[in-house]
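Based on these hints, arrange chain F on the given structure of chain X.
Listed in order, the protein sequences are those of chains X and F.
Each step along the first sequence adds one to the number in my numbering, with nothing skipped, and position 313 is 313.
Each step along the second sequence adds one to the number in my numbering, with nothing skipped, and position 177 is 177.
Hints listed in this document are in silico derivations from the structure and should not be mistaken for laboratory results.
Some hints could be false.
[As the list claims (entries may be wrong)] Computed far set for chain F versus chain X, every beta-carbon distance over 10 Å:
1. Met126
2. Ala135
3. Leu139
4. Thr144
5. Asp194
6. Ser279
[To be verified] To give a feel for the contact side, a few chain F residues facing chain X, derived at Cβ under 8 Å:
7. Gly35
8. Glu81
9. Gly94
10. Val96
11. Ala99
12. Phe100
13. Pro325
14. Leu326
15. Ala329
16. Ala338
We treat Cβ as the ideally placed atom computed from N, Cα and C, and that holds for glycine.
2 protein chains.
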Amino acid sequence: MLEETIAAIRPADARALAEARSHQDRLTKPPGALGVLEEVAVRLAGAARTSPPPMPEPAALAIFAADHGVHAQGVSPWPQEVTQQMVANFLAGGAVANAFAAQVGASVTVVDVGVAADLPPASGLMIKKVGYGTADLSLGPAMTEAQAVQALEAGISVARTLIADGARCLITGDMGIANTTASAALIAAFTGTDAAAVTGRGTGVDDSTHTLKIAVVRRALDANAAASTPLSTLAALGGFEHAAIAGFILGGAAARVPVILDGVIAGAAALAAHALSPSVADHCVAGHRSAEPGHAVALAHLGLRPLVDLELRLGEGTGGLLAHPLVCAAVRVMHDVATFDAAGVTEKPS
Amino acid sequence: MLEETIAAIRPADARALAEARSHQDRLTKPPGALGVLEEVAVRLAGAARTSPPPMPEPAALAIFAADHGVHAQGVSPWPQEVTQQMVANFLAGGAVANAFAAQVGASVTVVDVGVAADLPPASGLMIKKVGYGTADLSLGPAMTEAQAVQALEAGISVARTLIADGARCLITGDMGIANTTASAALIAAFTGTDAAAVTGRGTGVDDSTHTLKIAVVRRALDANAAASTPLSTLAALGGFEHAAIAGFILGGAAARVPVILDGVIAGAAALAAHALSPSVADHCVAGHRSAEPGHAVALAHLGLRPLVDLELRLGEGTGGLLAHPLVCAAVRVMHDVATFDAAGVTEKPS
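Isolated chain X (complex conformation) (with noise of 0.2 Å):
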């Protein structure tokens, strides 16, 4: 299923992208008077190969859930039982990102991919489980290469299931108490950058609690030299829904459905999802900017820019369904709006 799937990935179309700006040209606005929107709206032209392209609506959020060995190094103030708690709050309704999909219309699944407990099951809850947490990605290999396809595999199926139940734009959601630190071993490995450089504070750590964690991504690196592919970094030092996160994305760029990624978990999957398939990132839209410094480089490295820039570091693809209306309002402007001719409007003279 990975293989078949980044077969199918292709680039955004040449000509596609060549048609959308020039149609941008011609609507009733000054020429780059819509800013950033223009070239999201561009983009999604490419990646859909035809201009206009397709209203990214109705969005479906994927919430992948796990938890991580590395938690046990003291990396977070978080107790590693909120992850299970959160996945209650996000079936009841309850938590932010909730109420942000509500707002933008958007419908929700969460997807146990590494719990470290067995979940009952409920409506609107995917057991896709890899495992009971990863291992410790400080001492070693936080999964097998196995295990990572595994879970590579469990987010293409959710990404087609959900294309296949209507939605024209996936959003990714990540819950897992720790995984900040997954992300930004991440971040390092494939951006060749320094831990230091993109180990950030996550839900709130203090100044000897960020110290440790930027030691222990160094340990992370350091135990895991060895991992030189795509599949082997992923599996040495992601978590279980980093893997599954990197397959959803694939699995949307393989249909053509855009993927708006939420925030530095979302950035480091795509990393992984960008080494395995250069061409993804034609396929994704940066959501927001974390305030999580590796996600800058993350975005960096893909060469996009995002959205919303608010401050969020919450995760749960709160970040991602904020930009959700954004991204709808850019591509609408190409089906709604109307040329300076059709308008009967003036040309500015050049």
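Showing chain F alone in chain X's frame:
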């Protein structure tokens, strides 16, 4: 009507602000994890004098259209007729503002407060004409104080009508070829900033026109140096749409309905409203940061931080419309999200 409106505007309620902050900290998310959006929700609670504040839906966009005598100075490459052509485009649903409004579910009302032509009656068009364009502000006052009051009261009246029709959020919009020149003059005067620092390229002028535009703003400030009160400054340097938008903001604030400001024209108008009634800023949300340099100066003076920063330079209310889902999401969190206690989620040990 103006005096009574100003008298009704109250500053943020300290108790509602404190309640909203305390409520934010009990929700199932790390404290502060929603960044700027937490402060938006808290500010709206203060303005509404209750926590949580009412949902700012439905939203109503009012696009105030007018022409400008200063157009004769060659400050814009666009012919003046484009103002009325774009009004027709708004009414036909073909402009970017219409597409964005459709995306976010906002109504669109166009208000003629001073277009230099008689417009045919149309559904969605309110005629509140104060004149056929302003006088040239580079030669003397753009309008009389009586005209400024008339335009302010037109804006108040539009706010009252839209709120009576059910709007729970007002969004400012504007259309007026050459109105970034008047905006720069207003911002320079109300903030005491040099013309060169606040005069930008509007919807696209070349270097020589930009230099001319700065010189025109300087001449306008010199020619109107006698203006010393808020009202006389607005009359001397503003456009009819600036005065009407200032009234619209005052009208929203008086009714405790939040106002999302669009770009630099709204920022300039908000400075006038703020000079007339300083508490008005508590009721405003800065929708976006325009590419115009004067906008950041205006927002800093008002103490507002923009939500969207995507290099838009279109006007029409487009930046305000894009911010609306973000503002709704911020408030919805306070209504929908579970507390740690209620959700059974363990709090971070402090």
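Hints, one by one, checked against the model:
Every Cβ of chain X is farther than 10 Å from the Cβ of F:Met126; the closest lies at roughly 21 Å, confirming the non-interface assignment. Once the 10 Å rule is applied to beta carbons, F:Ala135 is consistent with being away from chain X; the minimum gap is 24 Å. Chain X leaves F:Leu139 outside its interface by the beta-carbon criterion, the shortest separation being 25 Å against a cut-off of 10 Å. For F:Thr144, the shortest C-beta to C-beta distance to chain X comes to about 31 Å, beyond the 10 Å cut-off, and the non-interface label holds.
Every beta carbon of chain X lies more than 10 Å from that of F:Asp194, the smallest distance being close to 26 Å; the non-interface claim holds. F:Ser279, annotated as away from the interface, keeps every beta carbon of chain X farther than 10 Å; the closest lies near 25 Å. For F:Gly35, the suggested interface contact is upheld, since its CB lies about 3 Å from the closest CB of chain X, less than 8 Å. Residue-level restraint check for F:Glu81 holds (minimum Cβ-Cβ distance to chain X is 6 Å; threshold 8 Å).
A cut of 8 Å between beta carbons decides the hint on F:Gly94: the least distance to chain X is about 3 Å, and the hint holds. Look at F:Val96: its Cβ gets to within about 5 Å of chain X, closer than 8 Å, so that hint holds up. Below 8 Å, beta-carbon pairs count as interface contacts, and F:Ala99 has one with chain X at about 4 Å; its hint therefore holds. For F:Phe100, the interface hint holds, the least distance from its beta-carbon to any beta-carbon of chain X being 5 Å, beneath 8 Å.
Restraint check, F:Pro325 versus chain X: the minimum CB separation of about 4 Å is within 8 Å; hint holds. Taken as an interface hint, F:Leu326 checks out: its beta carbon lies about 6 Å from the nearest beta carbon of chain X, inside 8 Å. For the restraint placing F:Ala329 at the interface with chain X, the shortest Cβ-Cβ distance is roughly 5 Å, inside the 8 Å limit, so the hint holds. A hinted interface residue such as F:Ala338 counts as satisfied when its beta carbon comes closer than 8 Å to some beta carbon of chain X; here the least separation is about 3 Å, so the hint holds.
Hint check: no violations occur; every hint is consistent with the structure.
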